[in-house]
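Could you put together the complete structure from these sequences and hints?
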Amino acid sequence: MGKSVLIVEDEPLIADDLLFHLEDLGINEVEIALKYEHALEKIQHNQFDLALLDVNLSGTRDGIDLANFLNRQQPFPFIFITSYYDQETLNRAKKTNPIAYILKPFDKNEVTVNVEMAFHKISLLKEQPAQFFIRDKNGLLPVRPDEILYVEAFDNYAKVFTEINSHIISHSLKSIEDKLIPYGFVRVHKSYLININKISRINEGYVFFEEISIPIGRAYKNNFMAKIALL
Numbered sequence: 001m002g003k004s005v006l007i008v009e010d011e012p013l014i015a016d017d018l019l020f021h022l023e024d025l026g027i028n029e030v031e032i033a034l035k036y037e038h039a040l041e042k043i044q045h046n047q048f049d050l051a052l053l054d055v056n057l058s059g060t061r062d063g064i065d066l067a068n069f070l071n072r073q074q075p076f077p078f079i080f081i082t083s084y085y086d087q088e089t090l091n092r093a094k095k096t097n098p099i100a101y102i103l104k105p106f107d108k109n110e111v112t113v114n115v116e117m118a119f120h121k122i123s124l125l126k127e128q129p130a131q132f133f134i135r136d137k138n139g140l141l142p143v144r145p146d147e148i149l150y151v152e153a154f155d156n157y158a159k160v161f162t163e164i165n166s167h168i169i170s171h172s173l174k175s176i177e178d179k180l181i182p183y184g185f186v187r188v189h190k191s192y193l194i195n196i197n198k199i200s201r202i203n204e205g206y207v208f209f210e211e212i213s214i215p216i217g218r219a220y221k222n223n224f225m226a227k228i229a230l231l
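So the sequence shown is numbered by UniProt numbering: it starts at 1 and just counts up by one.
Only true hints are included.
Calculated pairs, DSBU-like style, for lysine-lysine (alpha carbon to alpha carbon, straight line, at most 30 Å):
{"id": "1", "residue 1": "Lys94", "residue 2": "Lys221"}
{"id": "2", "residue 1": "Lys227", "residue 2": "Lys94"}
{"id": "3", "residue 1": "Lys35", "residue 2": "Lys104"}
{"id": "4", "residue 1": "Lys198", "residue 2": "Lys179"}
{"id": "5", "residue 1": "Lys221", "residue 2": "Lys35"}
{"id": "6", "residue 1": "Lys174", "residue 2": "Lys121"}
{"id": "7", "residue 1": "Lys198", "residue 2": "Lys94"}
{"id": "8", "residue 1": "Lys121", "residue 2": "Lys94"}
{"id": "9", "residue 1": "Lys108", "residue 2": "Lys3"}
The following label-pair restraints were derived from C-beta to C-beta distances:
{"id": "10", "residue 1": "Leu140", "residue 2": "Asn109", "range": "44 to 52 Å"}
{"id": "11", "residue 1": "Pro142", "residue 2": "Lys190", "range": "27 to 35 Å"}
{"id": "12", "residue 1": "Ile168", "residue 2": "Asp16", "range": "54 to 62 Å"}
{"id": "13", "residue 1": "Asn28", "residue 2": "Glu211", "range": "48 to 56 Å"}
{"id": "14", "residue 1": "Ile168", "residue 2": "Ser200", "range": "19 to 27 Å"}
Source of the hints: derived by calculation from the structure; they are not laboratory data. In this text, all values refer to a predicted model and were calculated from it rather than measured experimentally. Quick reminder that beta carbons are idealized off the backbone N, C-alpha and C, glycines included.
Take a look at the structure:
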């Protein structure tokens with residue numbers, strides 16, 4: 001199966017230039033969206049391996065807003081394209097975890113290097129395990145990341161909560177966080193790591209999983225809010 005790429009760029013000439021560079025790399029499954037709303041339509045009707053996102057899209061939504069949507073709803077890797085960064089934009093962009101950056105004006109070599117490196121990183125991500133094993137009294141129990149609601153840290157161990165039960169494991173929250181970040185998990189408190197895709201609601205400084213409430217720490221609030229997609 002060929003590689004599929006979405007280009008989101010509001011300047012048609014630049015979008016076409018990117019298209020030609022991708023075709024030279026042998027990537028022929030390419031869609032172009034000129035604005036945020038157009039990109040959403042493309043994403044709903046296609047499966048992409050990679051997106052090239054212009055940060056400074058015209059309109060009320062920009063490329064960083066689209067990146068947050070991807071991270072929340074339809075996660076696949078993306079490269080940011082931009083001609084400039086002010087500090088606020090840079091801070092917003094970093095929180096979305098782009099796989100690379102391409103600065104305008106770009107040349108063929110810059111596009112080639114960044115896209116090839118991106119697909120290399122993607123291949124490594126695909127090697128992530130589909131499930132993890134947790135040791136309990138009956139041996140090793142398989143648990144998929146999408147079954148986990150949240151993880152709570154205690155003194156010398158952590159507790160993993162799923163929809164139906166919980167498991168105590170002798171690992172630090174940081175080591176668990178490093179393994180689960182690729183699956184949509186984010187730290188919201190010094191003692192809590194949560195699965196964004198399982199949130200029921202957010203209200204008054206708390207994240208809810210049905211009737212379970214998890215506090216959002218002040219030090220983690222901005223990063224957490226940058227990870228979720230707001231309409």
